[in-house]
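Q: The residues making up each chain are set out below.
Protein chains: 2
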Amino acid sequence: MSRRTITGFSNPTVKFVRSLRDKKHRKREQRFLAEGLRLLTDARAGGRLPEILLMAQGREAHPLLSDLESAVSAAGGDVIELPVDILAKVTGKDNPQAVAGVFAEWDTGLAQIDRQSAPLWLVAQAMRDPGNLGTMLRTADAVGAGGLILIDDCVDPFSVEAVRASMGAIFTQRLAQARWDEFLPWLRTGAGQLVAASLRDAVPYRGAPYAGPCFVMVGNESRGLPEDYELACDLRVTMPMKGRADSLNAAVAGAVLAYEVLASLES
Amino acid sequence: MSRRTITGFSNPTVKFVRSLRDKKHRKREQRFLAEGLRLLTDARAGGRLPEILLMAQGREAHPLLSDLESAVSAAGGDVIELPVDILAKVTGKDNPQAVAGVFAEWDTGLAQIDRQSAPLWLVAQAMRDPGNLGTMLRTADAVGAGGLILIDDCVDPFSVEAVRASMGAIFTQRLAQARWDEFLPWLRTGAGQLVAASLRDAVPYRGAPYAGPCFVMVGNESRGLPEDYELACDLRVTMPMKGRADSLNAAVAGAVLAYEVLASLES
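Protein chains in written order, with the UniProt record's numbering: chain F, 1 to 267; chain Y, 1 to 267.
It should be emphasised that the hints constitute simulated quantities derived from the structure, not laboratory data. Hints may contain errors.
[Stated by the list, open to error] SDA-like mimics (lysine to any residue), calculated; alpha carbons at most 25 angstroms apart, straight line:
{"id": "1", "chain 1": "Y", "residue 1": "Lys242", "chain 2": "F", "residue 2": "Gly207"}
{"id": "2", "chain 1": "Y", "residue 1": "Lys242", "chain 2": "F", "residue 2": "Leu110"}
{"id": "3", "chain 1": "F", "residue 1": "Lys24", "chain 2": "Y", "residue 2": "Asn95"}
{"id": "4", "chain 1": "F", "residue 1": "Lys93", "chain 2": "F", "residue 2": "Gly207"}
[What the hints assert, rightly or not] Between beta-carbon pairs, the in silico distance windows are:
{"id": "5", "chain 1": "Y", "residue 1": "Asp234", "chain 2": "F", "residue 2": "Leu199", "range": "28 to 38 angstroms"}
{"id": "6", "chain 1": "F", "residue 1": "Leu64", "chain 2": "Y", "residue 2": "Gly8", "range": "19 to 29 angstroms"}
{"id": "7", "chain 1": "F", "residue 1": "Ala74", "chain 2": "Y", "residue 2": "Phe16", "range": "56 to 66 angstroms"}
{"id": "8", "chain 1": "Y", "residue 1": "Thr5", "chain 2": "F", "residue 2": "Pro83", "range": "45 to 55 angstroms"}
{"id": "9", "chain 1": "Y", "residue 1": "Asp181", "chain 2": "F", "residue 2": "Pro63", "range": "48 to 58 angstroms"}
{"id": "10", "chain 1": "F", "residue 1": "Ser117", "chain 2": "Y", "residue 2": "Ala45", "range": "44 to 54 angstroms"}
{"id": "11", "chain 1": "F", "residue 1": "Asp246", "chain 2": "Y", "residue 2": "Asp234", "range": "39 to 49 angstroms"}
{"id": "12", "chain 1": "Y", "residue 1": "Gly207", "chain 2": "F", "residue 2": "Ser117", "range": "22 to 32 angstroms"}
{"id": "13", "chain 1": "F", "residue 1": "Pro240", "chain 2": "Y", "residue 2": "Asp234", "range": "19 to 29 angstroms"}
{"id": "14", "chain 1": "Y", "residue 1": "Leu265", "chain 2": "F", "residue 2": "Gly58", "range": "27 to 37 angstroms"}
{"id": "15", "chain 1": "Y", "residue 1": "Lys27", "chain 2": "F", "residue 2": "Pro226", "range": "35 to 45 angstroms"}
{"id": "16", "chain 1": "Y", "residue 1": "Val84", "chain 2": "F", "residue 2": "Ser222", "range": "11 to 21 angstroms"}
{"id": "17", "chain 1": "Y", "residue 1": "Phe16", "chain 2": "F", "residue 2": "Asp246", "range": "56 to 66 angstroms"}
Think of the CB as a built atom: it goes at the ideal place given N, C-alpha and C, for glycine as much as any other residue.
So here's chain F without its partners, still in its complex pose (with noise of 0.2 angstroms):
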């Protein structure tokens, strides 16, 4: 098992961790950062290893960390150990978790969703905020959803906020990303029921014949969905609003609808 320590902020490996906190460098490299021992365990059992190992100096000691520090020695990755104030830099986080890892991005096509294999799946539609983003992957793993589907301009999925947000889900949850011109056929070419919230000609979403495979849709947290794509849905559902707004934050209703859908599926 071979491991080597890194002292300085100018070493290269670690210049190039720190630069998968920018898109264009992620894109580039195909390449992204997650950090924390429960994200890359949960990677791990997702069938992920990543190809750089940082470990702060001054750790507390885990089985669950050696076990992955000989994992990742015997697939040839890199192991490196640093100080906690570079790992910080590296990060981007004043309180950095005693580990990290560069994961290699995979495939994110449609070809990835194999939709008989859940009776739910989330879509999102030009989420802009990492943190929704991460927080539906973290929904769609609590109400057990096959995965996401990420249609049109969304934030990029393998960002360091995203992945933090998602609590590992990342790795556990199927991803796809495509136009909605590509989404809406390959949905029509087998089963799978639309829905969206929505003030147009819906029903009440609790109670609403919901039938699985299911795929809860929300729009962008500003402007909602396009009206064509709520009206390409085959079920559209109001949310009580009580108040003086007319939305929930997307992440929150997208997780509401999914809930409900569940309960109705398992009835």
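Could you slot chain Y onto chain F? The hints should help.
A: Chain Y in isolation, oriented as in the chain F frame:
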């Protein structure tokens, strides 16, 4: 109607407003910043006018903004026009809204909460993320809750990020801040069912015996609720967790639970 124009970054009012992005300055000045015509209109509807109204040069005219300007002037407030790049600097956003306002903070003692005025209240304990806190306020508005009670060491609800995420609900929802050992005795002076998601001796969240006024409590993003807080609840409920993770984003959990309580109380 008086209006003055500011053209320099070093103007004392610009510096003052900008300083309100720091909690320390907000606390000292008891003032905070809100952006956007929508939020400022909600504020006015909630009975709150900005003491300082900032308007970008070159903005589009809007009757609501004209009304607002008149109202601020009439109330003796300060109406300022300034270049959009200075407004961007003040609010810390690259694409700032065309208007922003400085508001006086208000009393957030528990005396603000008239529990009988709404069937449902949200409670957040040690919530650290301003986006989550703002989202809770927005959800509270949507479910027709009376407001949000912040327990223990929460992030500042008057932070720019929390105000932004609340989408105006900061102005229309009741807001209280209290220590747990103030809140619990206060709660017990009257009717009020304290509910939390929990794994301890809990019943399924669907069909649980909710009763208004119902106080839906969520815990800290990392640690959840302390055990004794959970044990003090009148009702502990479980939500399905079908994946690898054992929890949801705190604002999401609060929203799913709140919508369930709403449906239960209305049925």
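Q: Determine for every hint whether it applies to the structure shown.
A: Taking the hints in turn, this is what the structure says about them:
1. Y:Lys242 - F:Gly207: Roughly 22 angstroms separates the two Cα atoms, so the pair holds.
2. Y:Lys242 - F:Leu110: It holds: about 23 angstroms lies between the C-alpha atoms, which stays within 25 angstroms.
3. F:Lys24 - Y:Asn95: 21 angstroms, holds
4. F:Lys93 - F:Gly207: Violated, at about 44 angstroms.
5. Y:Asp234 - F:Leu199: 28 to 38 angstroms: 36 angstroms, holds
6. F:Leu64 - Y:Gly8: 19 to 29 angstroms: 56 angstroms, violated
7. F:Ala74 - Y:Phe16: 56 to 66 angstroms: 59 angstroms, holds
8. Y:Thr5 - F:Pro83: 45 to 55 angstroms: Holds: the Cβ-Cβ distance is about 51 angstroms, inside 45 to 55 angstroms.
9. Y:Asp181 - F:Pro63: 48 to 58 angstroms: Violated: the Cβ-Cβ distance is about 39 angstroms, outside 48 to 58 angstroms.
10. F:Ser117 - Y:Ala45: 44 to 54 angstroms: Holds, at about 48 angstroms.
11. F:Asp246 - Y:Asp234: 39 to 49 angstroms: 33 angstroms, violated
12. Y:Gly207 - F:Ser117: 22 to 32 angstroms: 29 angstroms, holds
13. F:Pro240 - Y:Asp234: 19 to 29 angstroms: 24 angstroms, holds
14. Y:Leu265 - F:Gly58: 27 to 37 angstroms: 52 angstroms, violated
15. Y:Lys27 - F:Pro226: 35 to 45 angstroms: This hint holds: roughly 43 angstroms between Cβ atoms.
16. Y:Val84 - F:Ser222: 11 to 21 angstroms: Roughly 19 angstroms apart at Cβ, these two residues keep to the hinted range, so it holds.
17. Y:Phe16 - F:Asp246: 56 to 66 angstroms: Roughly 34 angstroms apart at Cβ, these two residues miss the hinted range, so it is violated.
Figure legend: structure checked against the earlier numbered hints; hints not met, in rising order: 4, 6, 9, 11, 14 and 17.
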